[in-house]
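Just need the whole structure built from these sequences, with the hints factored in.
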Amino acid sequence: MGYDHDPESDLAPLRASLRAWIDPMRAAEPPFVVRDMLGGITAPTLVITGAHDFICGPAWGRLRHEGIADSRLVLLEDSGHLGHIEQPGTFASAITEFTREATHAATR
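For the sequence shown, the residue numbers in numbering that gives the first Met the number 0 are 0 to 107.
It is worth saying that the hints were derived from the structure and are not from the lab. In this text, a Cβ means the ideal position worked out from N, Cα and C, and glycines have one as well. One or more of the hints may lead you astray.
DEER-style ranges, computed between Cβ atoms [stated by the list, open to error]: (1) 65 with 94: 35 to 45 Å; (2) 102 with 40: 39 to 49 Å; (3) 101 with 55: 16 to 26 Å; (4) 11 with 40: 34 to 44 Å; (5) 84 with 59: 42 to 52 Å; (6) 32 with 68: 14 to 24 Å; (7) 11 with 92: 34 to 44 Å; (8) 12 with 39: 35 to 45 Å; (9) 102 with 11: 12 to 22 Å; (10) 43 with 14: 37 to 47 Å; (11) 101 with 12: 20 to 30 Å; (12) 61 with 14: 41 to 51 Å; (13) 55 with 15: 17 to 27 Å.
Structure follows, in structure tokens:
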């Protein structure tokens with residue numbers, strides 16, 4: 000008795016599920032809009048996005064950054080959605096620098 004395995008048919012349900020979730024996010028307007036609430040964020044905010052992120056890429060990162068006063072935007076040039084894995088050093092450095100500066104500003 001052999002094992003009959005078809006990787007393409009195994010992946011079909013996963014692909015359909017991902018399309019159902021991701022396709023609306025690729026639209027000009029996301030399925031829910033909270034941009035008008037971003038201005039209410041007063042905490043120090045770091046927005047990190049990967050240049051090749053197909054889920055929440057640079058356009059969405061810029062929208063968040065522009066909507067949150069005094070936020071910092073870091074674009075990971077060689078990353079997709081998993082910047083902490085794809086560019087761990089750059090990702091960690093961005094967080095370390097940001098938290099160091101935010102902590103210093105809070106203690107002044």
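Okay, the hints, checked on the actual structure:
1. 65 with 94: 35 to 45 Å: Since residue 65 and residue 94 have Cβ atoms about 21 Å apart, the given range 35 to 45 Å is violated.
2. 102 with 40: 39 to 49 Å: Given about 18 Å between the Cβ atoms, the range is violated.
3. 101 with 55: 16 to 26 Å: holds (22 Å)
4. 11 with 40: 34 to 44 Å: Check passed, 40 Å falls within 34 to 44 Å.
5. 84 with 59: 42 to 52 Å: Taking Cβ atoms as reference, residue 84 and residue 59 lie about 20 Å apart, which means the hint is violated.
6. 32 with 68: 14 to 24 Å: holds (19 Å)
7. 11 with 92: 34 to 44 Å: Holds, since residue 11 and residue 92 (Cβ atoms, about 40 Å apart) stay within the stated range.
8. 12 with 39: 35 to 45 Å: At roughly 39 Å between Cβ atoms, residue 39 and residue 12 fall inside 35 to 45 Å, so the hint holds.
9. 102 with 11: 12 to 22 Å: violated (49 Å)
10. 43 with 14: 37 to 47 Å: 39 Å Cβ-Cβ, so the 37 to 47 Å window holds.
11. 101 with 12: 20 to 30 Å: Taking Cβ atoms as reference, residue 101 and residue 12 lie about 43 Å apart, which means the hint is violated.
12. 61 with 14: 41 to 51 Å: violated (29 Å)
13. 55 with 15: 17 to 27 Å: holds (21 Å)
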